[in-house]
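*Asks:* In my numbering, the protein residues as written are 216 to 294.
Think of the hints as simulated: they come from the structure by calculation, not from any bench. Some clues are possibly wrong.
Cβ-Cβ distance ranges computed for the label pairs, FRET-style [said to hold, decoys possible]:
#1 Ala285 <-> Glu257: 28 to 34 Å
#2 Leu233 <-> Ala282: 31 to 37 Å
#3 Asn223 <-> Pro281: 27 to 33 Å
#4 Ser287 <-> Arg254: 21 to 27 Å
#5 Ala282 <-> Ile245: 17 to 23 Å
Where is the CB? At the ideal position from N, CA and C, for every residue including glycine.
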Amino acid sequence: GSGNAAVNETGRYIKMCLAGFGLAQLAENIVADHLQEGRLVEVLTDWQPPPVPVTLLYPHQRFLSPAVRAFSEWMSEVV
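Make the full structure from the sequences, and use the hints.
*Replies:* The following block contains the structure:
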């Protein structure tokens, strides 16, 4: 039969797709190995999801910790 499935963890989405349960919208870098090995196939390549606003909140400090600074810089690159 057909139906809907809902999961709240990326690894489970991937497992369901690998098992043939349907489509999932996942970040390409997360499934790159599966795509390269042919276990997953990209579909709907012309469709793009609407942009989602992302905000990074952290306490105002004169000097940010190296970890917060690195994460902030990484987010600026990928968003």
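*Asks:* Decide, hint by hint, whether the structure agrees.
*Replies:* For each hint, the structure was consulted:
no.	hint	verdict
1	Ala285 <-> Glu257: 28 to 34 Å	holds, 30 Å
2	Leu233 <-> Ala282: 31 to 37 Å	holds, 33 Å
3	Asn223 <-> Pro281: 27 to 33 Å	holds, 31 Å
4	Ser287 <-> Arg254: 21 to 27 Å	violated, 34 Å
5	Ala282 <-> Ile245: 17 to 23 Å	holds, 22 Å
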